[in-house]
Each structure stands twice: as C-alpha cells, then as structure tokens.
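Colleague: Here are the chains, one letter per residue:
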Amino acid sequence: MPNNKVLAIRRQNFAGWTMALPACLLVFTFLILPFFMAFGLSLTNQRLVSPNPTEFVGFENFQQMLGIGLLTMEPDVDDTGNIKIDQEGNPVYPRVRNFTRNQDDYPQYFKKREWFRIGLPNDKMLVVLAQDVVFMKALFNTLLFALIVCPIQAGFALGLALLINQPLRGINIFRTVYFAPVVISMVVVSLLWRFIYDGQNGLLNALLQMFSLGLFESVDWLGNTATALPAIMAMSIWQGVGFHMVIWLSGLQTIPISHYEVARIEGATRWQTFRFVTWPSLRNTAILVMVIITMQAFTLYPQVQVMTRGGPLDSTQSLVFQAVVRGYEKQDISGGSAISVLLFLLVLSISLFQRYLTREKD
Amino acid sequence: MGHVSLKSLNKFYGDLEVIPNLDLEIPEGSFTVLVGPSGCGKSTILRLIAGLEEVTKGEILIDGNDVTYLEPSQRKIAMVFQSYALYPHMTVAENIGFGLTLAKLPKNDIRKRVLEAAKILQLEDLLERKPKALSGGQRQRVAIGRAITRNPKVFLFDEPLSNLDASLRGQMRVELTELHSQIKATMIYVTHDQVEAMTMADQIVVLNEGNIEQVGNPMELYEFPQTLFVARFIGSPKMNIFQGKVAAKYQCQTLGVRPEHMEISHDGGILKGSIRHIEKLGADTLIYSQISGYDTVTARIIGKLEMNIGDPINLKFSDNHVHRFNDGIRIDS
Ligand SMILES: Nc1ncnc2c1ncn2[C@@H]1O[C@H](COP(=O)(O)OP(=O)(O)O)[C@@H](O)[C@H]1O
Ligand SMILES: [Mg+2]
Numbered sequence: 246m247p248n249n250k251v252l253a254i255r256r257q258n259f260a261g262w263t264m265a266l267p268a269c270l271l272v273f274t275f276l277i278l279p280f281f282m283a284f285g286l287s288l289t290n291q292r293l294v295s296p297n298p299t300e301f302v303g304f305e306n307f308q309q310m311l312g313i314g315l316l317t318m319e320p321d322v323d324d325t326g327n328i329k330i331d332q333e334g335n336p337v338y339p340r341v342r343n344f345t346r347n348q349d350d351y352p353q354y355f356k357k358r359e360w361f362r363i364g365l366p367n368d369k370m371l372v373v374l375a376q377d378v379v380f381m382k383a384l385f386n387t388l389l390f391a392l393i394v395c396p397i398q399a400g401f402a403l404g405l406a407l408l409i410n411q412p413l414r415g416i417n418i419f420r421t422v423y424f425a426p427v428v429i430s431m432v433v434v435s436l437l438w439r440f441i442y443d444g445q446n447g448l449l450n451a452l453l454q455m456f457s458l459g460l461f462e463s464v465d466w467l468g469n470t471a472t473a474l475p476a477i478m479a480m481s482i483w484q485g486v487g488f489h490m491v492i493w494l495s496g497l498q499t500i501p502i503s504h505y506e507v508a509r510i511e512g513a514t515r516w517q518t519f520r521f522v523t524w525p526s527l528r529n530t531a532i533l534v535m536v537i538i539t540m541q542a543f544t545l546y547p548q549v550q551v552m553t554r555g556g557p558l559d560s561t562q563s564l565v566f567q568a569v570v571r572g573y574e575k576q577d578i579s580g581g582s583a584i585s586v587l588l589f590l591l592v593l594s595i596s597l598f599q600r601y602l603t604r605e606k607d
Numbered sequence: 212m213g214h215v216s217l218k219s220l221n222k223f224y225g226d227l228e229v230i231p232n233l234d235l236e237i238p239e240g241s242f243t244v245l246v247g248p249s250g251c252g253k254s255t256i257l258r259l260i261a262g263l264e265e266v267t268k269g270e271i272l273i274d275g276n277d278v279t280y281l282e283p284s285q286r287k288i289a290m291v292f293q294s295y296a297l298y299p300h301m302t303v304a305e306n307i308g309f310g311l312t313l314a315k316l317p318k319n320d321i322r323k324r325v326l327e328a329a330k331i332l333q334l335e336d337l338l339e340r341k342p343k344a345l346s347g348g349q350r351q352r353v354a355i356g357r358a359i360t361r362n363p364k365v366f367l368f369d370e371p372l373s374n375l376d377a378s379l380r381g382q383m384r385v386e387l388t389e390l391h392s393q394i395k396a397t398m399i400y401v402t403h404d405q406v407e408a409m410t411m412a413d414q415i416v417v418l419n420e421g422n423i424e425q426v427g428n429p430m431e432l433y434e435f436p437q438t439l440f441v442a443r444f445i446g447s448p449k450m451n452i453f454q455g456k457v458a459a460k461y462q463c464q465t466l467g468v469r470p471e472h473m474e475i476s477h478d479g480g481i482l483k484g485s486i487r488h489i490e491k492l493g494a495d496t497l498i499y500s501q502i503s504g505y506d507t508v509t510a511r512i513i514g515k516l517e518m519n520i521g522d523p524i525n526l527k528f529s530d531n532h533v534h535r536f537n538d539g540i541r542i543d544s
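Line order of the protein sequences matches chains A and B. First residue of the first sequence: 246, per our numbering; consecutive thereafter. First residue of the second sequence: 212, per our numbering; consecutive thereafter.
Hints are computed from structural coordinates only; laboratory data are not their basis. One should not assume that every hint holds.
[Claimed, not checked] Partner residues are not named here, just some residues of chain B that face chain A (Cβ under 10 Å, in silico):
| no. | residue |
| --- | --- |
| 1 | Arg258 |
| 2 | Ala261 |
| 3 | Leu263 |
| 4 | Glu282 |
| 5 | Arg286 |
| 6 | Ile288 |
| 7 | Pro299 |
| 8 | His300 |
| 9 | Phe309 |
| 10 | Gly310 |
| 11 | Thr312 |
| 12 | Leu313 |
| 13 | Ala314 |
| 14 | Ala354 |
Backbone N, C-alpha and C define an ideal beta-carbon position, used for all residues, glycine too.
The whole structure should be built from the sequences, with the hints applied where relevant.
Modeller: What follows is the structure in structure tokens.
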C-alpha cells in the first residue's frame, strides 16, 4: 500500500475519534464512571456530606445488609412445668429482645431484629432475625414482585398479541389503546392509580360496590399491608403489558403464513397450532421478553415512590426505592451504593441463568 | 381415487375478480399441470381446491363429493408449497410425521410411516437433521414426504421447483414424475414454466387471466394450439408470429410458424433480412434474424451452420406446418 494512503487513513481515523470524543466522554462520565464508582463506594463509609474523612470498610456494608440469624425458641414455662398460655390460648414465648440485646450470651443475635417467625412442631417457634430488616423486606418484595409480575405480564401480553394479530377492520385502534399506557410516564400513571385505589371514593371501590350491589366494603388498597403490594403489581402489569405485547407481535409477524396453512391442511386444532407452530417460533421473542421484563421488574421504583413510599409498615419496600432513600434521604451514599451493587449482581445472575436455561441445545 | 371437478368456479378478492368462471375436470391418477403467466390465478385455483381460500361461487367435487365448504384437512388433499413451509424447530422426521402427531397416532406407527415416506424420497439418513442443515432439494423432498404421509387422494404442488437451481430442477422433474407413477395419486401441479408443464404433465391446462385457454396433453397443445395465446406460450424458442401480408396469403389475421419449421432459402424466400444473433447448441443452431416488416424471426436449423451475425438471410416455411388464427382463435381449413 502506498505510504500516503496509510497516512490518509490515519488522518481519517484521527478525525473520526475526535468527533466521537464528546459522546465518549459523556458516556464515560455519566454511565461508566458511576457504575464503577458504585462498586468502590460500596466498600467505604462515604456519606453525602460529612465532616469525617471517608474510610475503606471492606464488605461491612454488605454484611450489615445481609446479616441473618435463626433463633428457635421454646414457649415460656411456669413454676409447675406447664406451658404458659395467653388469653387467646396460644403459648407465650420469651421476648426476642432478650436474645438480641445480650451480647455476652448470644453474640450471633446481637443487634439483629425480628424479620418474621414460623411455628414449628411441638410448640417451638423459629424466629428469623435480620441485621437490616427493611433491606430484607425490600429484597423479598422485589423478588416477589418479579416472580409474580413477570409471568403474568408476559402471559397477558402474549394473549393480547395473539388477539390483535388478526386481519380485522379497526384492529389498529385496539393496538393503540393497548399501547397507550406505555407512552404515559410511570409517574403520571402512578398518580392516576392513586386515585383509582383511593380508600374513600376511589374508582375501584366504586366499581366493586356497583357490581356487588353495594355488598362490597371499601378497601384502602394502598393503605393496607395485605393489598398494597398486590395493588402496585396489578397496576404495573397493566402499564407494561402493551410494551411487551408489541414485542410479541413483532415475533408473531415473522411467522410465515404458509406455516399456518400447513397446520390447517394437516388438521391441527387451535391449541395444536399454538403448541406446534406459534409457540416454538416465538422462542427468541420469549427469551427477549423474559429478560426485559425481569430487568424492569427488579428496578421497581416510581410506583413505590409516588404511591406508597414503601409503606404501610414496609410492605411495599423495594430495592431501588431503598437505594434512593439511603443514598439521598439518609445521606448514606455507601449504603445506597451497596444496594445498587447487590441489585446489579442479582439481575446479572438471573439473566445469566435465564440464558443458560434457554441456550440452544444442539 | 382422486377425481377433481371444478364447476363454474368464481373467485373475487375484494372487488378484484381473479377467476371469472372456470370449469375443469381432472381425471383420477392424472398429473395435471396448470400453467400460465404470473398473476393469472394458478395459485388461487390450487388454494381453492385445497380449501385455503373460500370460493365466491361454484362447486368443487372430489370423487363426486362436494367439498366446497369443507375444511382443508377434511378434503383428503396434501399441498407442497413453493417455500416448502418446513418447521425450522422440528427435525426432518418430525416435519414428515407432523400430521400423524396431530392425529395422536401411536409413536411406533408414526415412526413406521415416516420411514416409509423417507425411503421413497431417499431421506433415511437425514431424519434427525433440522431443515436448516439441508440443501434446497432435500428440503423439497421433506415437504413432499410430509404430503405423502397424509396419504391423500390429491397432491397439490404450487411451483415447487422454482427455488431450485436449473440442474436440480431437471433432476426433481424426473423424481416427481417417477413418484407419480409409483404412488398413482392425482397430482395437480402449478407452474409458470412451460418446460415443466411439457415434460411432466399428462394433462396441461393453459390459463390466461383466470380463464382456461386450452386443456390437453402436451403434444396436442404443441401441435394444435387452439388459441394464439397457447401458441405463443407453449414451445421454446417461441413460435414466430406473422401478420399483414404473410398472414393474408394464408387467409388469416395471424399466422404462426414454429422455429423448427423455418428453413433457409437459397432461391429467394418471402422473408428477407439479416442475422442478428446466432446460438450454437451443438445438435442444432438457433438463428435470430431481423426480417423487414416483422419482429425478430427465429429459425432452428439442424446441425452446424457457417454464417455470421450481420449476414443477409432468406427464410421460408412449408405450408404443412402453419398455424392460422383469426381473432386469436385457431382456424382449421
Ligand atoms: N390474498 C389476496 N388478496 C388480494 N388479491 C390477491 C390475493 N392473492 C392473489 N391475489 C391476486 O390475484 C391474482 C392471481 O394471483 P395468483 O393466483 O397468486 O397468481 P399466480 O399464482 O398465477 O401467479 C393476482 O392479481 C394477485 O395479485
Ligand atoms: Mg403463484
């Protein structure tokens, strides 16, 4: 190759890199750097503003969050050796505090708090203690949210896509309607649904009362520990279903019509057509949908922020919400970073696991 | 078994009338080829017989039974698509046995019938492969295998060879003809390629804009084209068409002469011109000449020929081999 040609290519390369530089810098400053900083900060005791110098603390933040203890308790016994019974006829157990405030006898329970308890046979009681109960609840809620929202949302979305993938007149109206919630910001949707879920004169209560002819008692959907998380789940499913419907739809439309015609000629029932033709052809789409939904589910945040702020009684805490609360409201940057890092590792390992499960087997 | 009758068949797509009024008898056991230019409604007719499209008017009978409104699966037909329509996630064996799996036959029976079909089509060694690991010709055979296991009265083929290269196409033509003589079911075959029609059919149906131009065996169509359309469509290279003075000499509007019936005249013929192009095929030579007052005239001359492009040429033909047409219809004297 002639020498001046090499030079020209080098010059072009240089010009190219110069033009890409601003974008690279932005990506580096606002995406790559914070990502690695989160890892670094999660190993320190950095605060948002603090007079004390930052120190390296190793994995203390993680130990703090993930510390768990199991405590098995026997019922209290009175002087005659009988089990003490309370007014409702249940055995009486010692106070958990007796164990967690006693550093000398029970160092493994020290400073931990009760997360939940499970009754065992022979009147024994298993108490699960956690160093950071709020974090544990956030972790549990996030996992539960993902576990329930992912399959339901994906299933509904596929159902809608199948319904909508028909050459009917006016079908585009339905496509638009189902997709509409997706283009509305989650914050706005959350605000609207707060009214729908309102305990006094919310739309949901009004509807339920109407259809039950007044028999239904109003429920404060977001103010009740039993209904708050399910309410957020339902609304999240509704909001995201249109997006995933469109992904399924794009998958459905890649299936050649002749594949369905062969099935018709061979006498496939509707179910067999789905089972043998549609579903196997959607394999790659299904993987895509599952990965996206899982990631979205794990980043549950605006709904909680707008609708419940984690309450009531921490029943709607989520990991991202906790990361924000710690980092900014409690000014505990290192704690927030540690949650973010854990979330990243969690989502990463789940995605890798999903990829392993769905790998090409031949 | 497998006599197909189409009675006063009529098909609209929306406002577009594709098949105006079609009557056709397809005898049982025949290899009938529907041939015509693209867009003339061949696939539509095939899909009407299959039941993939609904007729607008008319009746379809198979062995005397009215199947006009039956589901495709109840018509005892099988169809092979141009795109093969194999399921990429299934192995060759699963594709071939698809219909049997749907019918919930016992696994052993499925296996047996898949093997039978595979043997006929020489697919035994490929049964565990996925379609993407097969060549075009092999895929085609799998699609045919799937049709065979249905044990249909009527096979429907929609341009099954058009995705194959020329040499493979020639080979598959032979295989399909052999398959037909082996299993003796009725076969209805759609193509736009008149060579396929001529080489495979025992009955050819020439279609033009949804209407039948002529039905007959290949030689009838070649020797006695009943319409100008058939005369032009059947035969390669195409028949020479003359109008004006030459046609008038034979008392017709249009005169057709096949290239092999043209001769070089050495004592001055009626067709004077110069050579535009020569194709030497070995056994014979094709001469394309520019004749004054006419389009290009093609002549097929047996053997080799020592002439060059641009040379003057005189052509003639004998009266025994002319085809005469008035208003596009053959007239016999
Ligand atoms: N589903 C359809 N909707 C509307 N028009 C169609 C449809 N299928 C075919 N046509 C039209 O009908 C005519 C005949 O088509 P087709 O039977 O596929 O022709 P061929 O197979 O001979 O090429 C064409 O003009 C085509 O555009
Ligand atoms: Mg066609």
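Colleague: Kindly indicate which numbered hints from before are broken by the structure, ordering the numbers from low to high.
Modeller: The structure conflicts with no hint, since it agrees with every one listed earlier.
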